[in-house]
Amino acid sequence: MITKRIIPCLDVRNGRVVKGVNFQGISDVNSPVELGRYYSDNGADELVFYDITASYEERALFTDILREVASTIFIPLTVGGGINTIDDFDRVLKCGADKVSVNSGAIRNPDLIYEAAQKYGDQCVVLSVDVKRVDGEFRVFAKGGREDTGMDAIEWIKRGEANGAGEIVVNSIDTDGVKQGFDIELLRLVNDAVNVPVIASGGAGNIQHFIDLFEAIPDIDAGLAASIFHFGEVAIPDLKAELKKNGILVRTV
Amino acid sequence: MIAIIDYGVGNIFSLYSSLKFIGADAVLTSDPEVIAKSDKIILPGVGAFGDAAAKLRETGLADVVKQEVAKGKTLLGICLGMQLLFDKSFEYGEHEGLGLIKGAVRSMEPVVPANYKVPHIGWNELHFPKDREVSPLFKYIKENDFVYFVHTFYGTDCEASTIATTEYGAELTAAVADGNVYGCQFHPEKSGEVGMKILRAFCEL
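Chains as they are written, first to last, in my numbering: chain A, 1347 to 1599; chain B, 110 to 314.
Since the hints were derived computationally from the structure, they do not count as laboratory data.
Treat the hints with caution; some may be incorrect.
Not close to chain A: a few residues of chain B, all C-beta gaps over 12 Å, as computed [claimed, not checked]:
{"id": "1", "residue": "Ser-123"}
{"id": "2", "residue": "Ala-157"}
{"id": "3", "residue": "Ala-310"}
Taking lysine to any residue pairs in the SDA-like style, the calculated list, with each CA pair at most 20 Å apart, reads [what the hints assert, rightly or not]:
{"id": "4", "chain 1": "A", "residue 1": "Lys-1504", "chain 2": "B", "residue 2": "Phe-237"}
{"id": "5", "chain 1": "A", "residue 1": "Lys-1504", "chain 2": "B", "residue 2": "Val-227"}
{"id": "6", "chain 1": "B", "residue 1": "Lys-226", "chain 2": "A", "residue 2": "Asp-1538"}
{"id": "7", "chain 1": "B", "residue 1": "Lys-226", "chain 2": "A", "residue 2": "Met-1347"}
{"id": "8", "chain 1": "A", "residue 1": "Lys-1504", "chain 2": "A", "residue 2": "Asn-1552"}
Cβ atoms here follow ideal geometry from the backbone N, Cα and C, with glycine treated the same way.
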């Protein structure tokens, strides 16, 4: 049977892995190549390599770093940040990405998902959505969580799926960096609304939070986190052993 | 030398990198002369069957691959590259494949339970058919080892050539072999250490 996936996210700026709290107060952590290799060797099921400032400062990804990551890591690699055009898809796919994650680029140009899915297949297009509660609604935020688009998150995600997004990454801004657990309420809404894999992001602070996620929403596909892995607070082999102990199917290496 | 057929589809950088990583001599090529000089051939592929099959035919690479296989060269198709080995596919219409593996490629949607998400994306276990010897492709791995899948369509009517299956609410073909022709529905180049062991075994075939 298919397993639940554990995905470390490498937020990268200037070729270094960084992690902020609520997208603010960024601190330099480690090398993406070193961390990527470490995770791959220690049971990560996939890696997300994300240029967190690209959409804000309109910077392109450092493709040489990406190429280096992709030539030393043999698990699925998703790349995001600054993906605004089909040319951006092409650029990162040629550097070894398996999937490309779109966020602000799809908000600016909603046809991007459809065009990319037609050209590279649905499996290649990941819709990443930053969501925050505003006046009792789940709103889509753009530009790394800095700008309220006013759009309803569930409607936006359903539209993305209809246009060909093959997976959805849901980042809850409300729970991100707070380490009090995943945003179960939001994730359940999203998981019920779509038929493609849903990846939970934002809020994991310990192993129990992953157990809570997969017990609360048994058919959610994956849990994603950054700082708890990068700072060594949670080791992936320990996490997987605990998940297994709780009857949650995972790949152990 | 292993020739990875480059016909403009999919992420072949990872495949090339993974072969380099295990110490194999690999080239990305669409040159029939290079393919003729190679010891083994890998046919990769991601995307739609119809487009890929048309591209292989238009470029003449379909004939080149078939000729080399007929000469006894070992071939491995990966993901869509495996599906292309089949007689035909019913992905958006009916399309002719290379006819190197007997069977047809069909959507998994009618056979997997309604609550299962399609495409089948993620790490799943390999099962080896009980009634035959384990394929030499899997000599370095174990039953129930995990590999990475991303697909909606799968090989059917290919029981005789099936060397591995996986379970996703239904039994799905995970790998096939017929003589010197091999195919993996999963991505060995994305399956971590298990995948590297499968590629190493392929290099030694």
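Going through the hints against the structure:
no.	hint	result
1	Ser-123	violated, 5 Å
2	Ala-157	violated, 7 Å
3	Ala-310	holds, 15 Å
4	A:Lys-1504 x B:Phe-237	violated, 38 Å
5	A:Lys-1504 x B:Val-227	holds, 16 Å
6	B:Lys-226 x A:Asp-1538	holds, 12 Å
7	B:Lys-226 x A:Met-1347	holds, 13 Å
8	A:Lys-1504 x A:Asn-1552	violated, 30 Å
Of the numbered hints stated above, those contradicted by the structure are hints 1, 2, 4, 8, listed in ascending order.
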